[in-house]
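A.B. asks: Using the sequences and the hints given, assemble the complete structure.
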Amino acid sequence: MSATAKGRALMSEEAAQYRVPKEYNQAVVLQSQLVRKYFEDVAAAAAKGKKIAYGLVEANPIEILRLFDIPVVYPEVFSLQISYKGGALPLMLAAENEGYSTDCCSYVKSGVAAIPPIGTGQTPLGYVPKPDIAVLTYSGCQIYIHWWEQYHYWTGAKIFTIDIPYVRDYERDHYVPRHDVRYVADQLMNVISQLEQLTGIRYSEEKLREILTYTADAWDHWRMALEMGKRVPTPLDGYFEAIYYMSLITLTRGDKTTADYYRFLVDELQRRAEAGIGPTPEEQFRLVFEGVPNYPYYKDWWSLFKRWNARGVAGTYPKVAGVVDYFRFNPDKPIETIAEYMIHAYCNWNMLMRADLLKYYVDAYKADGVVIHSIKSCRSFSMGQGDFKEYFVGMNIPTLMIESDHVDPRYYSEAQMRNRIDAFFESLALRKGLK
Amino acid sequence: MTLLEDAASREPLELFREVTEDSYVDFSWQRRWKEETGGRLLGYFPVYFPEPIAHSLGFLPVNILGASGYIELEKATAHTQSFVCSISRSTFELAATGHLDHFDALAFTNICDVARNLSGIIKRNKPDKTVVYLHMPINNAVAPAKDYLYAEYGRLIEKLEPISGRKLDMEALRRSIALYNEKWELQHRMEQLRIERPWLLPYDEYYYALRAGQLLPVELYVEKMRSFLSEVEKRDRKQQDKIRVLVLGDFCEQPALPLMRAMEDAAYLVYDEAIIGPRWIGRVNEAEEDPLMALVKAYTDNLRPLTTRYHPLIDKQQHIAELVKDLRIDAVLFLVPKFCEPALYDFVIRKLALDRMHVPYVKLEYEESESTFENARMTLETLAESIIFG
Amino acid sequence: MITAGIDVGARYVKAAILEDGKRVLVTLVDRSGYDPLGAARKAFESALSEAGLSRSDVSYVVSTGFGRHRVDFRDANATDITAAAAGARFFYPNTRTVVDVGAGNTRTSKLDENGKVVQFRVTDKCAAGGGGFLERIAYYGGIDLSQLEELALKSQKPVMISTVCSVLAETEVINLVTKNIPMEDIMMGAVMSVAGRVVAPIKQVGLTPEVTLVGGMNMNAAFPLALERFLKVHVNSSRDLVFANAVGAAYLGYRRLQKRAVIAQ
Amino acid sequence: MMGEEGYVIGVDSGSTYTKGVVMQLDGRIVATDITMTGIRILESANRLYHALLEKAGLSESDIAYVVGTGYGRYQITFGHVQVTEISAHGLAAHYLFPRTHTVLDMGGQDTKAIRINDKGEVIDFAMNDKCAAGTGRFIEAAARALGLDLRQASEIALNARRPVKITSTCTVFAETEVLEHLAAGERLEDILYGAYLGIATRSVGLLRRVGVEPEVTFQGGVSLNKGMVKAVEETLHMKVNTSPLTMYGGAIGAALYGIKRLTGKEEIVMPTADRAPREVESA
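Chains as they are written, first to last, in the numbering used here: chain W, 1 to 435; chain Y, 1 to 390; chain U, 1 to 265; chain E, 1 to 283.
The hints are simulated quantities; they were obtained by calculation from the structure and are not laboratory data.
Here are the simulated lysine-lysine pairs, PhoX-like style, with alpha carbons at most 20 Å apart:
{"#": "1", "chain 1": "W", "residue 1": "Lys85", "chain 2": "W", "residue 2": "Lys37"}
{"#": "2", "chain 1": "E", "residue 1": "Lys165", "chain 2": "E", "residue 2": "Lys230"}
{"#": "3", "chain 1": "U", "residue 1": "Lys203", "chain 2": "U", "residue 2": "Lys116"}
{"#": "4", "chain 1": "W", "residue 1": "Lys256", "chain 2": "W", "residue 2": "Lys37"}
{"#": "5", "chain 1": "U", "residue 1": "Lys110", "chain 2": "Y", "residue 2": "Lys351"}
{"#": "6", "chain 1": "W", "residue 1": "Lys51", "chain 2": "W", "residue 2": "Lys37"}
{"#": "7", "chain 1": "W", "residue 1": "Lys158", "chain 2": "Y", "residue 2": "Lys316"}
{"#": "8", "chain 1": "U", "residue 1": "Lys179", "chain 2": "W", "residue 2": "Lys299"}
{"#": "9", "chain 1": "W", "residue 1": "Lys432", "chain 2": "E", "residue 2": "Lys119"}
{"#": "10", "chain 1": "W", "residue 1": "Lys230", "chain 2": "W", "residue 2": "Lys366"}
{"#": "11", "chain 1": "W", "residue 1": "Lys50", "chain 2": "W", "residue 2": "Lys130"}
{"#": "12", "chain 1": "W", "residue 1": "Lys333", "chain 2": "W", "residue 2": "Lys207"}
{"#": "13", "chain 1": "U", "residue 1": "Lys203", "chain 2": "U", "residue 2": "Lys110"}
{"#": "14", "chain 1": "U", "residue 1": "Lys203", "chain 2": "Y", "residue 2": "Lys351"}
{"#": "15", "chain 1": "W", "residue 1": "Lys50", "chain 2": "W", "residue 2": "Lys158"}
C.D. replies: Now the structure itself:
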């Protein structure tokens, strides 16, 4: 094509394929090494006959389970990793042959179909053991309950229940009644005594405090890394890269290696900022992202934004592992701080608080607009996102709504996705006077 | 003549039908009740709610169950996605178009993520409406659950007292519990009648009588239900050679009555989960010293499974085996609302048990706004054919 | 002894006439249009004239399909699944699994050794509309259904198209068209996406050979092949099986008359 | 900068039909044409391109700029530049009806609600979600199932008396509902208009997502369907602008985008001489 009108210079293939130079991109390499080691350790423990626990990302009970030396498998994480490596479709079909509907969450379908009796446990990530116990931390997603029930009836796994009330008072933001924290704390003590009987290990508050000290340190540096998105230009993509960096705060939180990792991450982002390096050649658009990403086509989907030199500055999905902007761990009151951590998972916040958090991100991170990625599988995230759009249109904040699924590849159509993303940036360019 | 005088003179079934159809969109009956009696209106969505608490504070607790296809989903299309159940979308449409404005408070509970988020977006669009979201405990096997729910009901009472203009009185609550126990008892009696002699009471009549129980003042309803049931029990109708079917899945979104009629041509639907909320807890122990704790225990200690409420001590597969045996069931129909994820997961758990017991079953999806039922009729006929002419 | 079967489907009416339950005299197709009863009557009359028979020669008429209740000249009616089972067994006596991909829903059933339906499944709403989907793909591809069949059979590397529902599959075909993928690979991909949506209900009734496909999808030879790729088992398919429901209904009528004759002795 | 003479071609390679328009730099439309997109996008775009030249009596050298839009825009290798059909429909609506602020575009596959400013530039837009795709194709499929051609399917719905409720968002369910109502003996007009009202309700819901500000212009292939226009106006309680040219909204907008690139003009409106009588009184 001959004449490239000035408008088209806003889009560039070079930007779409851009990779951060190696010396500024070690954190993601280190992260995938540590994740691979985590999977190897879990498989080894299972081979030695240790009891395996299944855990959930929201209200992740990892500190308690570390106390009793119980390895934890997170079906949400192995499902998204299988999908990221292109292995989700056979699991969808296998689950649907067993009677699961197309409307069931694709996390649940791949999580159940990957292990016996439906699957074999062999996955692109290596062997994934089935659960002996399943710790149900019902926070932010009702389908967690139904998912854990599936494991109970398919594999006989024993369910340990921790019911975490929703942050639900529409008259007072962030209000958590006293009886909520006491209810969660009482249940934590109940689960602790059950785990004492199961493993024969005595509960030691001193050891829990030590674990929580590492957790708090990793947590604070995870927050420092994410808050670098406030800088103009931002050294990191507060959505697409943050989702890579999010793995360890979930899988291995509570030990020195993880705390050191997030210190290393903050240094690397610091070095990037000083060298003017970022996830794209230049920073033309700054965006806040709401919603779960598309894992099966992650890199292609990301390049639809990179093509416009657009960078995510903040995202709500990484806060599923805990709203790190709002909550801080206090190792001195271990049980209570874990209870409060479990309450402040992103989807456990009500819709008004979620809308306010997004508005805070737009202001504090100086964003040009919001991208809402609605996914068919997850009604906990997606139901009512249309209302968010109305809310932001009312405040004259440009908002794009796009749709696919987070694990099931059958819901991603690139032509439609690209059509909407290009149109959004065309109107955003006009608005920013970049014509 | 006042509304209540007119209602008192009316034939029970005629009143039940009128107030049910009025509750699809307008709730004009409740609006007139509020104007004439000065009482307060509380709308709750869609399954379980502790009605006696609201009643003892002068509220008429009303079960909002979507618009059953009688309203166009225009604002709902803007604010929600299409992969969400229709009852939540039509309930949003009712709120957004002002059909719920005369309700003094709206209450929601944690039955699924869709209903939870619905309460939030209704509050954002109706900022001056009192919206209460109750987190009902799911860890009901442990003692702390009771203290938690007791305090949570306390939070509900704190929100309702300023609207009702008076403090909760324990004796008033005891009287309300007695009244509602009678209502639940009558509804249970009708349920048993459908199980034992389904030919006496067609599905439409059963449905109108059941739904009216959460639309009319309990005093009026109990009186009308007594005379209605005695009339039904005296009916003399012929029993047909139809299979006995257990229906599971319709606990929230309301199946269209013509759909149920089309299926009743082929089988007796002896038990279903429509309007399960009020029938579910059975009885509140009136002998309990503290009536509020009695209400709490009626919830936490109820071991009857319900898809929208988890309980660690319940074995759903054992329960369906007992249900099939006790109700002499020939086949099970999983009637699942489109996009209703909780129902779809319980389907897998229960079908595994039915496979082991070699009990025939079939799954059908429906939407409240459906207007064609040929597929449903044909499916039930085939089920019946394969059993009767086997 | 002459019996007739009228299958009043959502899109097409099919009529079949059977002699002594063995020989199929004639089978006929007509569009249901917006007067299904009129179309049923017309199909029956033209079947009679084609077979050189008059109305009085027919001892028993069984209706089936969507509009079975509205066929006022019937002796009895049978549901699609019962008629499909009888029709499948008429052409392939060892059938134990029947697959009926209709214009609306798709139904699968499992038969015992003497052909009785022991279990059946109806697909989810989202999996419906297989037939209509292929018609639209052909129409907008600027070809007719037989060309679609030809192209699909030629495909070496069929492309993966969504098996969730036909609306998503159509979105995907539009997507693939923008990527210049060979036409035959898109067409076979489309046929496989319809087959893919039928696998779950087949597995749920238990895959017991022989598997027989009944209904309109027999017109497309690529469809049974696509199904065989998923099931890894032979699928009986032939042009006759397009009329399995109508022939099955006529056969049920014949068996009914035989029973009456036995009772009469 | 080019003078006022010279020609621009806009090609809208849609999911179902490929439409094209030849325009002069002063904004006059010289020729329009349409063909089925089919499976080979570039072939049908090329075929259309040469048909346009013939219709306009021009040769390739007269064409200063070719702009592609629609799904197949990246396939049109003979084009100079592409633009999304959302931006294109915005420019076209402003060109055809200058007081437009909200555009409803209904094509074969997607329904789009677009808010534009006083120069036809896109402020905000919303598109149907996956379960509601394929409305244009559904209307054609329903017409074929009822044994009607498109013109009949458009007029016949106008004399509906009691429209049948067809509420499914999904076109597969809607088609089953149409066939079942047919088998139940409902009147043809009532079934068809019932389907149109269902689609209109969802489209107006989509318009709500971007906010409805008069005037509203209805574009895309479905805007030719008088039954659909009536259903949208009835649901919106507001008149909508349509004309024989609104089905070419994408192609016109693409051509206008080319003219703006070449001439630097901020805004282009249809010359009053070209306006049909009805449009003049509303311009």
